[in-house]
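Each chain is listed here by its residues.
There are 2 protein chains.
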Amino acid sequence: MDLSIGEVARRSGLSVHALRFYEREGLFANPVRRLSNGRRVYHEEDLEWLAICTRLRSSGMPLAMIREYIDLARQGPGNERERLEILRRHQRHVEARIRELQDTLDVMSHKVRVYEDHLARGEADRLWNPSHPDPA
Amino acid sequence: MDLSIGEVARRSGLSVHALRFYEREGLFANPVRRLSNGRRVYHEEDLEWLAICTRLRSSGMPLAMIREYIDLARQGPGNERERLEILRRHQRHVEARIRELQDTLDVMSHKVRVYEDHLARGEADRLWNPSHPDPA
DNA sequence: CTAGAACCTAGAGTCGGGTCTAGATCAACA
DNA sequence: TGTTGATCTAGACCCGACTCTAGGTTCTAG
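The listed protein sequences correspond, in order, to chains A and B. When you line the first sequence up against the numbering used here, it's residues 3 to 138, in that order. When you line the second sequence up against the numbering used here, it's residues 3 to 138, in that order.
Keep in mind the hints are simulated off the structure, nothing from the lab. You may find that some hints are simply not true.
Pairs involving identical chains hold if they fit within one copy or between any two copies, as the list cannot separate such chains.
Taking lysine to any residue and the SDA-like style, the derived pairs with C-alpha atoms no more than 25 angstroms apart in a straight line are [stated by the list, open to error]:
#, residue 1, residue 2
1, K113, G15
2, K113, L89
3, K113, E87
4, K113, V43
With the hints as extra help, turn the sequences into a complete structure.
And the structure:
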């Protein structure tokens, strides 16, 4: 079940450009094979890995960290602890990020609520305006 | 209580470069005043606004959106609904982002847990490795 | 046979958000 | 007085992660 780069782009949501770029950056576990005419051939497992990559990326893992991971995986058994450590590092990072966002969200929600009250009463212009006192 | 750019940098955590850059980008509500010798003078309210900016930035609000907001604030009363709408837009964005991160975190945590079990039993090399089946 | 789509490479360009440099001025201290 | 350090401007540069271009080949349908 061979897949062309266009097919993989369509199914992964990445552009063909991005797929070639990822390959140059060494983000594929298995070197991408070529047809005799030079065209790239992908398989289902590449698609699965890309789905994981996309997840990791969208949660803020830099390509360099993904490469670090895949480099270990490529070396085969023996470094599982290290791989796990990379994942845990990112896990902690994401957790911290969620806390940070939640924190900002709380502050914002409070501001918005207070301001809505003020607006409802016809008082206004005091919402996070550095030139004026803060109603919160 | 006048503050120099260096003082503001120290207290805001932004670099002097970034402060000048923010000014060029129109992110200050009140135009930054100058001493007769051309040096910038800041005040406590600038610092307060910068703290807010930093929050918004670190939660992913682009500078362009902050500028949009501050432009409205600068125009004075009458556009409070619009300002509120900007905040709500970002609020929704942050909420969605938190959900996305939480989602990825769940997947990762599951993977990590399963893998730790496998490792503990001496089975290995199956953690998100595109060349091998997945134990999850 | 031919048009158009899909593919190839190398390398340039983009965007956001800064960061840094050069060269000048100015302040403060020993 | 001289040196150190803070500031100024304009503009170049950086980074990550793509995105796009130019110029060329190859596949596919009619």
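Structure-based check of all given hints:
1. K113 to G15: Answer is between; shortest inter-copy Cα gap is 23 angstroms, intra-copy 37 angstroms.
2. K113 to L89: between (36 angstroms within a copy, 9 angstroms between copies)
3. K113 to E87: between (39 angstroms within a copy, 12 angstroms between copies)
4. K113 to V43: Classified as neither; 53 angstroms inside a copy, 28 angstroms across copies.
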